[in-house]
Amino acid sequence: MKSIRRRMALWMTVAVFGVTALFCGLTYVLVRNMLIVDFDRAVLEQFQSVANTVKVWTDGDVYVELNPTVMTGFAAGGDRAFVVRDVDVHEMIAQSISLDAAGLTIAGLAGANRDTPVFGEGTAPNGADAVIVTQVMPAQWGWDIDDTTIEVTPEAREKLVEITLAVDDTPLTARLRSLGMLTLSIAIAAALAAGAAALFTVSTVLRPLHDLAGRAAKIREPSYSRPFPADGPVELQPIAERLNDLLVRLADASLVERRFTADAAHELRTPIAELRTLTDVALRFPTAPEQLENVIRSSNDLSIRLTSLIDALLGIARKDALAAGLQMAPTNPPDMIRQIIASNAVTIAKRNLVFDVQAPQDHKITSDVTLLQSILTNLIENAVSHAPQGSTVSVIYTVTQAGLHLRVTNPAPDLDADDLDKVFEPFWRKDGQQSDRDHAGLGLALCKGFADILSLDLQARVTADQQFEMILKAT
Amino acid sequence: MKLLVVEDSRILRESLALGLRGAGYLVDVSADGEDALWRAEAAIYDVVVLDLGLPKRDGLSVLAEMRAQGIATPVLILTARDGVDDRVKGLRSGADDYLVKPFAFDELLARLEALTRRSNGIAKNVLHIDGLMINLADKTVTINDVPVALVRREYALLELLCLKAGTVVSRADIEAKIYDEHVEPNSNVVDAAVSILRKAIDPPDGPSRIETKRGQGYRLRRA
Numbered sequence: 308m309k310s311i312r313r314r315m316a317l318w319m320t321v322a323v324f325g326v327t328a329l330f331c332g333l334t335y336v337l338v339r340n341m342l343i344v345d346f347d348r349a350v351l352e353q354f355q356s357v358a359n360t361v362k363v364w365t366d367g368d369v370y371v372e373l374n375p376t377v378m379t380g381f382a383a384g385g386d387r388a389f390v391v392r393d394v395d396v397h398e399m400i401a402q403s404i405s406l407d408a409a410g411l412t413i414a415g416l417a418g419a420n421r422d423t424p425v426f427g428e429g430t431a432p433n434g435a436d437a438v439i440v441t442q443v444m445p446a447q448w449g450w451d452i453d454d455t456t457i458e459v460t461p462e463a464r465e466k467l468v469e470i471t472l473a474v475d476d477t478p479l480t481a482r483l484r485s486l487g488m489l490t491l492s493i494a495i496a497a498a499l500a501a502g503a504a505a506l507f508t509v510s511t512v513l514r515p516l517h518d519l520a521g522r523a524a525k526i527r528e529p530s531y532s533r534p535f536p537a538d539g540p541v542e543l544q545p546i547a548e549r550l551n552d553l554l555v556r557l558a559d560a561s562l563v564e565r566r567f568t569a570d571a572a573h574e575l576r577t578p579i580a581e582l583r584t585l586t587d588v589a590l591r592f593p594t595a596p597e598q599l600e601n602v603i604r605s606s607n608d609l610s611i612r613l614t615s616l617i618d619a620l621l622g623i624a625r626k627d628a629l630a631a632g633l634q635m636a637p638t639n640p641p642d643m644i645r646q647i648i649a650s651n652a653v654t655i656a657k658r659n660l661v662f663d664v665q666a667p668q669d670h671k672i673t674s675d676v677t678l679l680q681s682i683l684t685n686l687i688e689n690a691v692s693h694a695p696q697g698s699t700v701s702v703i704y705t706v707t708q709a710g711l712h713l714r715v716t717n718p719a720p721d722l723d724a725d726d727l728d729k730v731f732e733p734f735w736r737k738d739g740q741q742s743d744r745d746h747a748g749l750g751l752a753l754c755k756g757f758a759d760i761l762s763l764d765l766q767a768r769v770t771a772d773q774q775f776e777m778i779l780k781a782t
Numbered sequence: 098m099k100l101l102v103v104e105d106s107r108i109l110r111e112s113l114a115l116g117l118r119g120a121g122y123l124v125d126v127s128a129d130g131e132d133a134l135w136r137a138e139a140a141i142y143d144v145v146v147l148d149l150g151l152p153k154r155d156g157l158s159v160l161a162e163m164r165a166q167g168i169a170t171p172v173l174i175l176t177a178r179d180g181v182d183d184r185v186k187g188l189r190s191g192a193d194d195y196l197v198k199p200f201a202f203d204e205l206l207a208r209l210e211a212l213t214r215r216s217n218g219i220a221k222n223v224l225h226i227d228g229l230m231i232n233l234a235d236k237t238v239t240i241n242d243v244p245v246a247l248v249r250r251e252y253a254l255l256e257l258l259c260l261k262a263g264t265v266v267s268r269a270d271i272e273a274k275i276y277d278e279h280v281e282p283n284s285n286v287v288d289a290a291v292s293i294l295r296k297a298i299d300p301p302d303g304p305s306r307i308e309t310k311r312g313q314g315y316r317l318r319r320a
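Chains as they are written, first to last, in the working numbering: chain A, 308 to 782; chain B, 98 to 320.
These are computed hints drawn from the structure, not numbers from a lab.
Don't take every hint at face value.
[Claimed, not checked] Some residues of chain B that are not near chain A, with every Cβ distance over 12 Å (derived):
#, residue
1, 112
2, 165
3, 171
4, 176
5, 199
6, 213
7, 237
8, 246
9, 304
10, 311
[As the list claims (entries may be wrong)] Okay, the calculated bits of chain B under chain A, using three or more residues with CB under 8 Å as the criterion:
#, stretch
11, 200-211
12, 239-245
[As the list claims (entries may be wrong)] SDA-like cross-link-like pairs, simulated, lysine to any residue; straight-line CA separation at most 25 Å:
#, chain 1, residue 1, chain 2, residue 2
13, B, 153, A, 591
14, B, 153, A, 773
15, B, 236, A, 569
16, B, 261, B, 242
17, B, 236, A, 587
18, B, 221, A, 591
19, B, 153, A, 723
20, B, 236, B, 204
21, B, 236, B, 217
22, B, 99, A, 590
23, B, 186, A, 565
24, A, 729, A, 590
25, B, 186, A, 587
26, B, 153, A, 776
27, B, 153, B, 169
28, B, 186, A, 569
29, B, 153, A, 728
30, B, 186, A, 563
31, B, 99, A, 593
32, A, 780, A, 684
33, A, 729, B, 155
34, B, 99, B, 261
35, A, 657, B, 152
36, A, 729, B, 178
37, B, 153, A, 725
38, B, 186, A, 564
39, B, 153, A, 587
40, B, 153, A, 774
Built from N, CA and C at the ideal position, the CB exists for glycine as well.
Only chain A is shown next, with the shape it has when bound in the complex:
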């Protein structure tokens, strides 16, 4: 069951029903015992009444002095009966009219004694189930109390009789049945009430959670408005705060994404505008073949720039996928650096740059070759592109305890410390220049992203003598 509401309602119902059932059960047992005890007490009182009517004469004859018009239960058709037996001779002395009328008698219970009454079950004279009680006791004697002149033999005084009493227990059975029905009804009613109360309570208690879900459902896009109330139930406040924080983070991410998309669109517009105007003008004002060749060459340059820009954009877009699929292999970064510098030899010569390379012949590390190559290429080509004509670019590779440590330095008279926060931002260029550059302004952003994936630290700084330093190091 996945519904918290149903689960809580079920458990609350079970708990309340369990407690109610226990209470009803105990109450039933208690009241049942009380009723039985009361009934037994009433039976004993009846027994006492019958015993009081069993008397003995001075000569030892036993008789029963019972008035059936008063004790109607023992009359013919009554629901109770007694039998008095002589203990010595084991003969019946007397029995109630109710038995005589029905032609029945009642046997005494085994184990009857003088100390305590013995209870048992049997049949009443009216045919119903009955409680039977038997006790041995001396016949009632009291004549000499009123008349002291009467002489009584010790035998008469000690005359023992066994009195057996049967009382119809139908009323008790009916009461016990009623008690059972009442208890069961209360238990069922309590269970239903508990279920309803549990549902209501759970619904009421969970309403703030429902409201929270409603607010969440209405959110169409991340925002900074913190839509989840912080003044709700104490238990939900942390959730509301976390959700609000999450939305703010999502809004931040969305803002960055939108800005990146807008920047990307903006970056694409300039070369597209160049291409369109170039071709528009060429079509509108047909030119000499040599000028047409310029148009074609410029179009080709633009297509190369656009390809480079799109490659860089795809590189950023695929960054997460690259992180998930790193292919670690042994590699030699100093060798990579030398190859990258060699592949830029034409540009280096064209720009009259001097390269000061200090690196060991070999330094084997394990890394993702593609990403590391991309980082090193961007760092070196960035220096090649931005170092002033005829200046010196320094590439110093050292081996540290942590691993590689690379510093690429080139003069940068236009850069200042404030620019350092921006050099890793996509599309950032000094002075906001958007054109006449072969670079899209994404190289260092890519480097930073790839360095993070490889757990390398990439930092930029401007020295006091206006040297721009990019430092890549293992951590």
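Keeping the supplied structure of chain A fixed, place chain B upon it in accordance with the hints.
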């Protein structure tokens, strides 16, 4: 008409200059903000086509400085920034129009024509002055429905005089308006141009349409 095109993209700058010259405009170009401001201060342009993302000085800063110096030349902003905020900011900074890259060259021409009409207080691209008709859009001239062939410099001179018809245009203004950076003007270029234009548009047996105001300049007569 003389335009200043301020654009840091070499390809776009050269394409615009080529296309606009082909459309009959005289075009000066600039590749950065500081040079653009210097040119705007030094010369009289009919329209400045201004990019925003410029080296050395941002386009909006150039525009603000122009307006601060009282230079009222119409400015058409040409930029890749297409946000409403950017447009509002550009227009509120004193720009007269805003065109987002990439754009159709024809649309740029149409907007330039609209700007020049507005700045000269005319409603149509066609001007009629005493049988002379000049079409500012396609840069054609007719006299009594007969086409008149003019080279770009003489057309520019006629256009200038027509737009200021009835008023005297100084030699300095003519020199600034009809020569771009590709021409080295000398002392008699204006006289020579006026002379050539008179031969092209004057009636053979009547007074010249272009009146010389000694020491002041030239004036196109109204009928």
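Results of checking the hints against the structure:
Listed as outside the interface, residue 112/B is inconsistent with that label: its C-beta sits roughly 4 Å from the nearest C-beta of chain A, within the 12 Å cut-off. Residue placement check: residue 165/B keeps its beta carbon more than 12 Å from all beta carbons of chain A (closest about 21 Å). For residue 171/B, the condition that its CB be more than 12 Å from all CB atoms of chain A holds, with the nearest at approximately 20 Å. For residue 176/B, the condition that its CB be more than 12 Å from all CB atoms of chain A is violated, with the nearest at approximately 9 Å.
Residue placement check: residue 199/B does not keep its beta carbon more than 12 Å from all beta carbons of chain A (closest about 4 Å). Interface exclusion of residue 213/B from chain A stands, the closest Cβ pair being 19 Å apart, more than 12 Å. Listed as a non-interface residue, residue 237/B keeps its Cβ farther than 12 Å from every Cβ of chain A; the least gap is roughly 16 Å. The beta carbon of residue 246/B is kept farther than 12 Å from every beta carbon of chain A, the shortest such distance being approximately 18 Å.
Once the 12 Å rule is applied to beta carbons, residue 304/B is consistent with being away from chain A; the minimum gap is 38 Å. A cut-off of 12 Å between C-beta atoms confirms that residue 311/B is not in contact with chain A; the least separation is 40 Å. Taking a C-beta to C-beta cut-off of 8 Å, the stretch 200-211 of chain B contributes 4 residues in contact with chain A, enough for the three needed, and the coverage statement holds. With 0 residues having a beta carbon nearer than 8 Å to a beta carbon of chain A, the stretch 239-245 of chain B misses the requirement of three or more and the stated coverage is violated.
Taking the CA atoms of residue 153/B and residue 591/A, the gap is about 33 Å. The hint is violated against a cut of 25 Å. For the suggested pair residue 153/B and residue 773/A, the alpha carbons sit about 19 Å apart, so the restraint of at most 25 Å is met. In summary, the hint linking residue 236/B to residue 569/A is not supported, as the alpha carbons are separated by about 39 Å, beyond the 25 Å threshold. About 22 Å separates the Cα atoms of residue 261/B and residue 242/B, which keeps this hinted pair within 25 Å; it holds.
The suggested pairing of residue 236/B with residue 587/A holds, with an alpha-carbon distance near 19 Å, which does not exceed 25 Å. Only pairs whose Cα atoms come within 25 Å are accepted, and residue 221/B paired with residue 591/A is accepted, the gap being roughly 24 Å. As the CA atoms of residue 153/B and residue 723/A are separated by approximately 15 Å, the hinted pair is consistent with the 25 Å bound. For the suggested pair residue 236/B and residue 204/B, the alpha carbons sit about 16 Å apart, so the restraint of at most 25 Å is met.
For the suggested pair residue 236/B and residue 217/B, the alpha carbons sit about 16 Å apart, so the restraint of at most 25 Å is met. Using a Cα cut-off of 25 Å, the hinted pair residue 99/B and residue 590/A holds, with the two alpha carbons roughly 23 Å apart. Taking the CA atoms of residue 186/B and residue 565/A, the gap is about 20 Å. The hint holds against a cut of 25 Å. Between residue 729/A and residue 590/A the alpha-carbon distance is near 41 Å, which puts this suggested pair outside the 25 Å criterion.
The straight-line distance between the Cα atoms of residue 186/B and residue 587/A is roughly 29 Å, outside the 25 Å bound, and the hint therefore fails. Between residue 153/B and residue 776/A the alpha-carbon distance is near 24 Å, which keeps this suggested pair within the 25 Å criterion. Straight-line distance between C-alpha atoms of residue 153/B and residue 169/B comes to about 23 Å, which keeps the hinted pair within the 25 Å bound. About 17 Å separates the Cα atoms of residue 186/B and residue 569/A, which keeps this hinted pair within 25 Å; it holds.
The hinted pair formed by residue 153/B and residue 728/A meets the criterion: a straight-line CA distance of about 20 Å does not exceed 25 Å. Between residue 186/B and residue 563/A, the direct Cα distance comes to roughly 22 Å. Compliance with the 25 Å bound is thereby established for this hinted pair. For a cut-off of 25 Å, the pair hint linking residue 99/B to residue 593/A stands: about 22 Å separates their Cα positions. Annotation: proposed proximity of residue 780/A to residue 684/A holds, straight-line Cα distance about 15 Å (limit 25 Å).
For the hint linking residue 729/A to residue 155/B, the alpha-carbon distance of about 18 Å falls within 25 Å, and the restraint holds. For the hint pairing residue 99/B with residue 261/B, the CA-to-CA distance comes to about 15 Å; that is within 25 Å, so the pair holds. For the proposed pair residue 657/A and residue 152/B, the alpha carbon gap of about 23 Å is at most 25 Å, so the pair holds. Using a Cα cut-off of 25 Å, the hinted pair residue 729/A and residue 178/B holds, with the two alpha carbons roughly 20 Å apart.
At most 25 Å may separate the alpha-carbon atoms for a hinted pair to count; residue 153/B and residue 725/A meet this at roughly 17 Å. Between residue 186/B and residue 564/A the alpha-carbon distance is near 24 Å, which keeps this suggested pair within the 25 Å criterion. For a cut-off of 25 Å, the pair hint linking residue 153/B to residue 587/A is broken: about 29 Å separates their Cα positions. Of the pairs offered as hints, the one joining residue 153/B and residue 774/A holds, with about 21 Å between alpha carbons and a cut-off of 25 Å not exceeded.
Of the numbered hints stated above, those contradicted by the structure are hints 1, 4, 5, 12, 13, 15, 24, 25 and 39, listed in ascending order.
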